[in-house]
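Protein chains in written order, with the numbering used here: chain A, 1 to 308; chain B, 1001 to 1251.
To be clear, the hints were calculated from the coordinates, so they are not data collected in a lab. Be a bit skeptical, because a hint or two may be false.
Chain B stretches covered by chain A per the calculated footprint, using a threshold of three residues with CB under 8 Å from any CB of chain A [as the list claims (entries may be wrong)]:
hint	region
1	1064 to 1077
2	1094 to 1101
3	1173 to 1182
4	1198 to 1205
5	1231 to 1244
No residue lacks a Cβ here, since even glycine has one placed at the ideal position from N, Cα and C.
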Amino acid sequence: MMRGEAVVVDSLCKSYGSVDALTGVTFSAYEGEIFGIIGPDGAGKTTLFRILTTLLVPRSGSATVCGFDTVRDYREIRQRVGYMPGRFSLYQDLTVRENLDFFAKVFNTSVEANRALIEDIYVQIEPFANRRAGALSGGMKQKLALCCALIHRPEVLFLDEPTTGVDPVSRKEFWEMLMRLKREGITILVSTPYMDEASLCDRIAFIKCGRFLSVDSPAAISSLFDGVLLSVRSDSMYRLLLDLRRIPGVRACYAFGDSHHVTVERGAIAPSDLASDLEKVGHSGVAVDRIEPLMEDCFMSLAGGAES
Amino acid sequence: MSDSMRPMAIQAESLTKKFGEFTAVDHISFSVSSGEIFGFLGANGAGKTTAMRILSGLSFPTSGKAIVAGFDVMKDPERIKQNIGYMSQKFALYGDLTVRENIRLYAGIYGVERRLIAQRTDELLSRLGLTGERDTLVASLPLGWKQKLAFSVSVFHEPKIVFLDEPTGGVDPAARRQFWELIYEVADRGITVFVTTHYMDEAEYCDRVSIMVDGRIAALDRPAELRAIYGETTMDGVFCSIARSATRKGD
């Protein structure tokens, strides 16, 4: 079955003076999917969001949202999308309730009319209904911003790094909420620096230097990982990082939680040889295991490694 | 040197901060050794920022005691400020000053000699690969570069302790790792690192971590010990099992 396309982007370019922010981005997001956009800082993610929400005009190329052109039909689009910018941009000196009422009225609706859609998050911020938005903690601000972006029941939701500064428990709650919105049929385009969140998307686009390098499901992107990935531990982790980088055949090495992840060429070094090499330079408690790459490993590989 | 032999960088005893009826920090006690990387974790609103403000001499506790870099937070907050560095995700550098101007401003505030500023600025810029950007406005740098620069500026005066409040918030995975290598370097030089983060892989890079829930320290240990105690394979699992017990909802 052909699914409808909620967002269609064709050869989109944007520059600021002499700086090229987007250099020919093409993709489509299907109706009802969670489409993740990941990439290094400064890759052009926010510029893309701002064009799709009709806040910026591209230099060339075109984009449609819900079938409407982002330049010509911006009024139609603004009725149909919700946008949560990366920087908290609600009114800090209005209360939680006043912010919600304000955004509802701007869209000619009311909080009550759409309460069902935001119920799950709204009950969490309701105890602070009379608190000024500026005085909320990070997690609460994000929940309020999501409520405000949803208050007119948009067809497409644009979320620019919505969970930055949000603790792990609140992040999980936030994503449970996104899954419910998806079941409601809302299309979600979301950027995130958290690769565990990227893995939850239906498809991911990896953007670098203003271009999309690959668009695919998380599983398909993981399967493209080039090389053999090893998890390496010893009793002296910082020295281990420096020593590993000096070993011939090690293509990339970076810290990864309680171990280091090391990429080697296929067939270049056997795990047991790597372990004995490390013991020779004085490491104790060495453990080397072959592992499958996670989305974060794919990011490191696509981004050009920690040295780039 | 064994842990008990090392001088303490931070000692907090029953530290408490109340705002009216609300107890933001509720009798927390812990100590941090010199040269340690100490992860200070907790949910949004658990009281981390309040505690950090007291430890950096910006706010007085309602009761309890804390010695930071050898000085009492009640009696000598100004001496504490001279001996620490501080950086946060939200505010660290002036966007409308250039890279070099920011370094000169902060180094000057901390009383670094002019001759040393010039020399160390060149070293620092070449180490960060920012030599070509010395006259660039900080606002136009990518976030990852900005944060690395902000961190380097916060330790420019070689403080005894550096406080980092969510330094890598919103930073991409590659840049986060470069950032943590800078942390390792300064800890290697003996600077104590006190850091908050919401990235649980970063919690693993700390020597010890504490997890705050509702103003109290609910757990404090090495990451490996915490994983063993809570029967979890990751720090994310540990954090979630502890933080889900919170009654305070985000504020």
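Consistency of the hints with the structure:
As drawn, the region 1064 to 1077 of chain B meets chain A at 0 residues by the rule of a beta-carbon pair under 8 Å; below three, the given contact is violated. For a cut-off of 8 Å, the count of residues in the region 1094 to 1101 of chain B with a CB near a CB of chain A stands at 0, and the three-residue condition is violated. Check on the region 1173 to 1182 of chain B: 8 of its residues sit with their Cβ under 8 Å from a Cβ of chain A, so the three-residue criterion for coverage holds. Check result for the region 1198 to 1205 of chain B against chain A: holds, 6 residues qualifying (beta carbon to beta carbon below 8 Å, three or more required).
Requiring three or more residues with a Cβ within less than 8 Å of a Cβ of chain A, the coverage given for the region 1231 to 1244 of chain B holds, as 7 such residues are present.
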